[in-house]
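Q: From just these sequences and the hints, can you work out the full model?
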Amino acid sequence: MASEHAHSVLMHLSLHGVNLDVTKPVVVMWGVCGVVFSFLLFANFFQSFRRVERLLFDFVHDAFASSLHTKKTIWFSFLATLFLFIFLCNVSGLIPYSESPTGSLSVTAAMAVFVFVLAQLVGIYCHGFGHLKILTPSGIPWLMYPFIIPLELISQLARPFSLAVRLFANMFAGHSVMLIFLGLITAATFPLLKLLPFAGVVLLSMFEIFVAFIQAFIFTYLASFYISDAAHGAH
Amino acid sequence: MNAIGAGISIALAALGVSLSLAIVYYKTLDSITRQPDMVGTFRVLMFIGFAFIEAIALYALVVSFSIING
Chain W
1 MASEHAHSVL MHLSLHGVNL DVTKPVVVMW GVCGVVFSFL LFANFFQSFR
51 RVERLLFDFV HDAFASSLHT KKTIWFSFLA TLFLFIFLCN VSGLIPYSES
101 PTGSLSVTAA MAVFVFVLAQ LVGIYCHGFG HLKILTPSGI PWLMYPFIIP
151 LELISQLARP FSLAVRLFAN MFAGHSVMLI FLGLITAATF PLLKLLPFAG
201 VVLLSMFEIF VAFIQAFIFT YLASFYISDA AHGAH
Chain C
1 MNAIGAGISI ALAALGVSLS LAIVYYKTLD SITRQPDMVG TFRVLMFIGF
51 AFIEAIALYA LVVSFSIING
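In order, the protein sequences belong to chains W and C.
Going left to right, the first sequence walks through residues 1 to 235 as this note's numbering numbers them.
Going left to right, the second sequence walks through residues 1 to 70 as this note's numbering numbers them.
Heads up, some of the hints might be wrong.
Stated by the list, open to error - Going by beta-carbon spacing under 7 angstroms, a handful of chain W positions derived as facing chain C: (1) A169; (2) A173; (3) H175; (4) V177; (5) K194; (6) I214.
The hints are simulated quantities; they were obtained by calculation from the structure and are not laboratory data.
By construction, the Cβ of each residue, glycine as well, lies at the ideal position given by its N, Cα and C atoms.
A: Laid out in structure tokens, this is it:
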């Protein structure tokens, strides 16, 4: 299902046999990166951009400060960029002639794996080899370890899976339902009957904007939670 | 046979999700009534709960799409 239709290829690229074709989601992601970068660049020069950037920073600080128990601003920059990138990628699906890159499992899986590896690196940086102690929660007698450790390992490994599939499924399902409504518009016989699916498409688009924001927020919130959990969670 | 499996998958998921979301919103409204000054915290937790529960329904939707496409 994730590879149902082949993306139209703009330019064929490959590196030692690894397929690096430039497809439409890649171009949309470049566009989103350009928008984010130029927005943050113009915030240096223009007061109005600075006000919007202040809004973004206040939102990120208020929403994620409770889950991230650190005052270092590099994490706020990371979370703000992640949130802005995912939100703009999700919203690109609603712009005509462009699709959402997060609607393909590859993009969301790459971001989820990145967050997972980042959390493990933070854990190893803070606790060294004792980072493995996250698999053994406190208060468990050591005789139970052969049962607890596989369970905890599976639940830790399920985190990037659920992160990737949650974002992908939300974006994919939204667009699938919208396709069904659009098909209903075509299949309706009387012109007056075409009004109902059209209203459905309009309402669904508004709901899609809301879902885009919520899913970006959830992804960023879980990323900050996993990172702070690795830094000072179970130990 | 494929279509029946896909239909059952999404139907059961929708049943569970609608009940769970009803519980979440019911308790959120209760908490707002008890403590109106913490509406911000409740709103954030409500959205987080909504996203998690909705994600379960979408896992089932992914499964039903996979069943349909063989």
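Q: If a hint holds in the structure, say so; if it does not, say that too.
A: Each hint, compared with the structure:
1. A169: 3 angstroms, holds
2. A173: Holds. Min distance 5 angstroms.
3. H175: Because about 12 angstroms separates H175 (chain W) from the closest Cβ in chain C, which is outside the 7 angstroms limit, the hint is violated.
4. V177: 10 angstroms, violated
5. K194: With a minimum Cβ separation of about 27 angstroms from chain C (threshold 7 angstroms), the hint on K194 (chain W) is violated.
6. I214: Status holds, d = 6 angstroms.
This entry does not satisfy hints 3, 4, 5, going by the numbered hints stated previously.
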